[in-house]
Structures are given as structure tokens and as C-alpha cells.
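**Student:** Following the hints, position chains F and R against chain A.
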Amino acid sequence: MTFFFEVLIGGLLSGVMYSLVALGFVLIYKASGVFNFAQGALVFMAALTFVGLTEMGLGFAMALAVTLVVMIAGALLTERLVLRKLVNQPQITLFMATIGLTFFIEGLTQLVWGSQPRGLDLGIPDQPIEWVLDRAGIVVSQFELFAAGVAAVMVAALALFFQKTRIGRGLRAVADDHQAAQSIGIPLHLIWAYVWAAAGFVALVAGLLWGARNGVQFALTFTALKALPVLILGGFESVPGAIIGGLIIGAVEKLAEVYVGPMVGGGIEGWVAYVIALLFLLVRPEGLFGEKHIDRV
Amino acid sequence: MSGGGRRIGEVILRLEGISLSFGGVKALSDISFDVREHEIRAIIGPNGAGKSSMLNVINGVYRPQQGTITFHGETRRDMVPHQAAMQGIARTFQNIALFKGMSVLDNIMTGRNLRMKATILEQAIHFGRARREELANRAKVEEIIDFLEIQHIRRTPVGRLPYGLMKRVELARALAAEPTLLLLDEPMAGMNVEEKQDMCRFVLDVNEQYGTTIVLIEHDMGVVMDISDRVVVLDYGRKIGDGTPDVVRANQAVIDAYLGVAH
Amino acid sequence: MLYREAGQFKTSYATDQQIFPIRQDRVAVVALAALAFVVVPLIATQYWLSAILIPFLIFALAALGLNILTGYAGQLSLGTAAFMAVGAFAAYNFVLRVPGMPVLLAFVLAGGCAALVGVLFGLPSLRIKGFYLAVATLAAQFFVVWALVKFPWFSNYSSSGVITAQKMTILGIDIDTPLRKYMLTLTIVTLLALAAKNMVRSSIGRAWMAVRDMDVAAEVIGFPLMRTKLTAFAVSSFYCGVAGALYAYAYLGTVEPEAFTLDLSFRILFMIIIGGIGSILGSFLGAGFIVLLPIFLNIVVHWLNGVAQSLFSASLPASITSNLELMVFGGLIIFFLIVEPHGLARLWQIGKEKLRLWPFPH
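Residue numbers (our numbering), protein chains in the order written: chain A, 1 to 297; chain F, 1 to 263; chain R, 1 to 362.
Worth flagging that the hints you see were computed from the coordinates, not collected in a lab.
Some hints could be false.
Result set (BS3-like, lysine-lysine): computed pairs, CA atoms no more than 30 Å apart in a straight line [unchecked claim]:
id: 1; chain 1: R; residue 1: LYS197; chain 2: R; residue 2: LYS10
id: 2; chain 1: F; residue 1: LYS100; chain 2: R; residue 2: LYS352
id: 3; chain 1: F; residue 1: LYS117; chain 2: R; residue 2: LYS10
id: 4; chain 1: R; residue 1: LYS129; chain 2: A; residue 2: LYS85
id: 5; chain 1: F; residue 1: LYS196; chain 2: F; residue 2: LYS100
id: 6; chain 1: F; residue 1: LYS140; chain 2: R; residue 2: LYS10
id: 7; chain 1: F; residue 1: LYS26; chain 2: R; residue 2: LYS129
id: 8; chain 1: F; residue 1: LYS117; chain 2: R; residue 2: LYS197
id: 9; chain 1: R; residue 1: LYS197; chain 2: F; residue 2: LYS140
id: 10; chain 1: F; residue 1: LYS100; chain 2: R; residue 2: LYS150
id: 11; chain 1: A; residue 1: LYS85; chain 2: R; residue 2: LYS354
id: 12; chain 1: F; residue 1: LYS100; chain 2: R; residue 2: LYS197
id: 13; chain 1: R; residue 1: LYS10; chain 2: F; residue 2: LYS100
id: 14; chain 1: F; residue 1: LYS117; chain 2: R; residue 2: LYS129
Keep in mind that this is a model prediction, so the values were computed, not measured.
Looking at chain A on its own, in the form it has when it is part of the complex (with noise of 0.2 Å):
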């Protein structure tokens, strides 16, 4: 039982971390209804400029100040350059143009910085925390739990940001309907690119607690893939889904990933969340916290 409850609790803890992308895909959805597959290169692309940055001589605080600079720049020119000439278009035109954008990104960071793995080191140590192993037998993370605590904040902020300020009900009816929400006057463009530049931290939050936890490496863009199953049992509109989401797969996999796993061979993980999230998908088309459409003819 207590091995159960490791597994579990090791899961939920990796889940959070999927969360924390999913979320990036969630926060631009919202705001501009574009699937962005891209958000798995902005994760890798934040970590690489961090690392490069601080491999140049930069002080962690710099190289951190300096890649927000650079996401947030990236994220304005993407609005400029892409979004702003697509407004209107089908919602998957915007999604096939995010993927034109994935391979860009992937292939100008790499153009930079280069492309063999480095490592990162936030200072937190990937050790079990002694005080849980003393008293309950179970190995839970110290790193883990940090990062489970940094997207817990992250959470907390940007449901405040878009339930309480003005921007965040801007973003609500964007999404909605671009039209609509410019013709009241709401400026759709400096919406767009708010929310691209918090995609942008988003990311960068994701891809110094990925890259810690798994290197700086090409790898870092699948985390994309990661959390697309988690967007789908979440909703992809919905923050709390992509959390709730992101546990619920976080722990399925790593529980199917022991018990299950080595009954085929293994190596489920690449698929097994995939598989939940289709098979809850038949059942409830519109996810978890999703709003149900009701076509109108």
C-alpha cells in the first residue's frame, strides 16, 4: 500500500508539472481561441535562452530578466507576424500555422544556442523529502513538491487575472468572437499580445522546472505532447481543468505505467494518456470543465 500511495503521489506530483503547460495552451485559447501547438517550443526555446544566458556569464536573476525579455519580444512579434494576419480565419488554419510556428521556433533556438543537451540547476535537489520518509515510509520528491507549489501559485494568479481585472474579461469575450469584441472597442491586438507574453512567463516558469528536472534538450518541445491529452480531459478552456486534468493524468499514467506496464512490455507512458483521454473524450465530448455548444441550424 504505501508503494500505492508513492506511485500515486508521484504522479500527481509530475502530473502538476503537466499542468503547468497545458496551461500556457489554456491561457491562449482563452484569449484568442488558437489551439497553440507551439506552446512546447516556447517551453524549450525559454529554457535553452535561460541556460545560454547564464553559460555567457549572466547572474541567474539577469539571464531570467533577459529570457522574459526575449519571450515577451518573441510573443509580440508572433501577434504582429502571424496572429494579426490570420484574424478571422478558421480556428484550424490557426492551429496548422502554430505548428509552421513550432518548427520555426525549434529551428531558430537551435540556429543560437546550439543543439546538445545542457543541464540546469535551480538549486533545489530531486531528493525525498526526509521528513514524509521518516513518518509515513513514502518518498515524495523535494523538487517535485517545489515545482507542485510554484504552478499552484501560478494557478492562483492567472484565475485572479482573468476573473477580477479588466484585461481578464477582455480576454473572455475575445475568444468569444473576435469581431464582436472589437466592435465594443476592446483592442484585440494589445489582448493578443498580453496574452502571448504570459504564455511566454508561462513557458519560461515550464522550461526551467522541465529543464531541472530532465535536462535542456530537445525532449523539452514533447512536453507539448505531454499535455495535450491533459487539455482534453480539462477542457480547453478552462484553468482548473488543465489542473485537475493534469493530476488525473499525471497519476493514471505513472499507476498504469507500474501495474499495467509491465504486463505489455512497457514504455506505455508514451501513449497511455492519450488512450484515457479518447476514451473519456467518447463519453464527454466537451471535457471536463468544458462549456457544451449547442448548434444552432
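**Tutor:** Just chains F and R now, kept in the frame of chain A:
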């Protein structure tokens, strides 16, 4: 097609006690009416009265929570769109539901899909039955194109057409199915007087020449009173009037719904 | 020769409904066929055949498959490579395990297997749309590759799942030279392209496009949604499956499941975006573009390298080509989506329409 010999026949469609709601919103409550063969039956009512929902129930786009639909003697809880099509119900939509990426000709050809039986393999080699069917149905479609006077736009992608012509193409697509019951959702909305006159003529001609039974929703009272045999009036999802244009015109509830009541 | 249709009167629906109704188009198609079947075999070098033309044809076939599903039926798929993998491994196993199995029949059966898998992963399309579905097709991508690696039976217990395509013999002729492989690929691709053209101008094609453009109306008209979507998945996956089999047999010779990555799926998606979504011709144009682009970039980088060496006596990092390739791919996709969402095929069509009126545009 016995030119002018239009005789209103037996009841072919009967709706009984239809109630429909979306979540907590009641769109239709306990509505019953019937449609006779060969007649032109209008559904009128203020915006949001549930007219389009009514049509959507008849051909199965919405499934009512209560009530029954009897079509050609067969009674069922609800229709399924595919089944409705198989039984000879065709329709047009309020907001034009043409296939934007296809040409006018292809759009109208889709109306004939239920008459094409060739397998995919036959279609892939375009031989034998597949080829014969394409040609035979093309001939029929050309007849409808002539009838609705849209020869000149045959090859045009529908996305490029002006609104009035789109409405006409949508009617053509519905007619291509050679329906026994034709549902028209605001066929004249947003048209100028000339276009309305054309459309009226087509609706009457369809009814006259092919004997097609027609249920239509329309806001233009002049048009409704002129062309329809009987009228159903809906308001807030309830039926408040039913009968010939003259009867409906004299109905106090109908007058109140349209003109408002002094409180 | 001027491109005009003036004076070409159609006196029956049969002539109006020919596969290429305009005379000049027919002439062009015959000329193209003569070029591909006669001239190319006479002049093409081994390098051209096996490094450019064969992969071009195979990718065009896969793009055609994806275009049927995404371009015509409107169901976005990110799992194309998985269906190709099914085709490759199925063909391998049919030839391996059924004694005397003719290779062409194996290809057809392989396409059939891919079609079955396609239908299976197409089932969610009945309930979900748009990018929810796109994400669902990712499940196919990961699951299929995982299954091919994890169950060694598929690769006949070879190490790390690598299969080596058996020798092909058709009608007593060994298909062992690049030229013969090219002719085989060309024949299959030509036949399947004609079949696709026929399908999209028949009832099934109209059903796909109707579902793509407005599914509610399609259902009301009497197209059964489920069957229409699933046939699109089946036909599309069949094409991808055959393309996968050719990828193994006519192009690479040896393949492992990991060759069929998500990256390959994306590349094929790019082909149809650049070539033209919902266009048979576009599948070919896009495939040609994506096959030739890296070669072109290589030349450019090589040249740049030469310049850099002569100027600064320093050479550019080796990974520059692949990274530039990513950037150019990505940039082009965005460019095309913004400027010409219907791709090269639309540019071609516009050109033709202009030519039709030239030199008197009014």
C-alpha cells in the same frame, strides 16, 4: 406534374404534443398541428417563437423531449435526419447551409445522393454503374437548374455568389432530392422586392408542377397571406393560432402577439 | 499553344463530365505521362531516380491520402506516418508469412490493414471535431509505433524492430534496379491518383466535401455522417498504407518503426498545406516542394560555407542545414496560410484562368 391540377389531399404529417427544451430554456411546449398533402403550410411568429426549432424537429436535427411525429402513416418519437431524407423530406436553412467549397452544380448534385448506389470501387474506376448514375442524375439536376433559371452560375463556387442566388441554389439542392415534403426556413429573408417575387413564383411553381407539399417559415406577412393555404402561429414556443390566412388574421391572440397588448 | 476553351462545345453530359474537360488539359496530361513513363527512364540518373523521384512519388501518394481525409473530408489528422507504418509492416508480414504471396497483392492487403487501423482511430471522429480530433489522431501515431516496437512478431523478431524488405518480383521480372522501382512506383501512384480524382468527382467525393463544409446540412440531405467519415478514414489510410509499403520496398529497403515519426506526419501535412488542401494536383506539387527544398537548402548552405571559408577561414556549424530547414519549413507554412491558404494548386489555377483570357483580360 398535371399543370394546375393541385388538389389538397389527406394529412401526411401530424405533430402531436411536441415539447423541446435546451437545458432550462423551453423552445417549444406542447405543439400539435398537421400538414396536408400538396398544401402550402406557413409557420409564423415573432423572433424567438420557436419556428426554426419546429422545422428542426420535423426533420430530426433536434429531438423533442415529448410528443410524436407521424409522417406517411408512420408514428415515431423523433426523426433522425438521415431517415427524414430517406422518407422524402428536404429543406433549406435560415442562414444558408450550402457547401461553400463546392460549385453550384456539385451542391445540387449532393441533393441526389440517395439515388446513387454505386460502390466506392465503382466510383474510383468511374465505370459502369457509377458513370451511368452520374450522367442520369446530372440530367435531372440540369432540369432543376433550368427550372430555377441558374444556368449561368453552374460552375461558380457557391462562396462567390450573392445572397439571393445562394438562397435559390439552396432551394435547387433541396428540389434535387425530389422531396414529397419541402421545409423552407425563411426563403425570402433579406431579399429585395424583385428577388422576393422570383422566389414566390418558384415556391408556387414547385407546389403546382411537382405537387410538393411545402412547410415554410416567413416573416413577410404579405407573402404568407398570399401564398399559403393554412398558417400556424407560434409565440414563445406555444401555438396561438392555426387556420386559413383569413382566420388567423382575425385571431385576437395573434394580433396581440404581433402588435403588443396594452397593459 | 494558347490555353483556350473557346470553341470547345460540349454536346452531351458525358463529354462535359470527362476527367479533364478542357482539351489542352488532356494534351498536357498525356505529355506529362509520356515524360514520366518514357523520357525520365531514358535520361534520369540513378541518383535522380532513387533520391528524388521515387521519394517524391511516394510522398505524393501519402499526401494524397492525407488530402482525402483532411482536404476533402475536413478531418485533420496528425497520424499519417502511423498509417504508413502499418502499411510497411503489413506488406512485410504478408510477403514473409504467406508463401507465394505476390508483392502487388501484398501491397493491396497492406493498404487494407492500414484502412482498418484508420477506421479504428477514426471512430472518435463521430463524436469530436477539429483539433480534439487532431489530438486523437496523435494517439494513433504513438500507439502504432509503440506496438510495432514492443511486439517483435511484427518485425519477425529482428533486433530493434528493423525490417528489410524482401525482393520484389512481378510477372517474373525482378524489381531490383532504381529504374524498375521507379516504374513500379510511378504506375501505382498514377493509378491511385486517377482513382482519387474519380472518387472526388463522384458521389463519395461530394459526400466528403459536404461533411467538411457543413455537417448538419450534409446529414439533412441524407449523407450518413458516420459512414462518410469512416470511408474517408479508410480510403485515406489505404493510400497512406500503400505509400508506407512503397516507402519500405521501393525507397529505403530497410525500415524501423521509429522512421515513421510524428515529424514525418507533420511533413506530409506541410505538403498538403503548401501544395493545396483539397486538391489532387496540390498533393504532387507539395510533395515535390518538400522533397526538393532540403536539397536546395543544402546547396545554399554549401555555397554560404564556401563564402564563409574564403572570407573568415571559418566554417559554419554542421547542424545549420537542418535548423535552417526547420525554420524555412515553419516560415513557409505560416506564409502560405496567410497569403494563399489553398497553396500552390490555387496559384496554378489562377495562372490557368489568367492564361485562358490572355492577352485580352477584359
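**Student:** Can you list which hints this structure breaks, lowest number first?
**Tutor:** The structure conflicts with hint 10 only, although it agrees with all the remaining ones.
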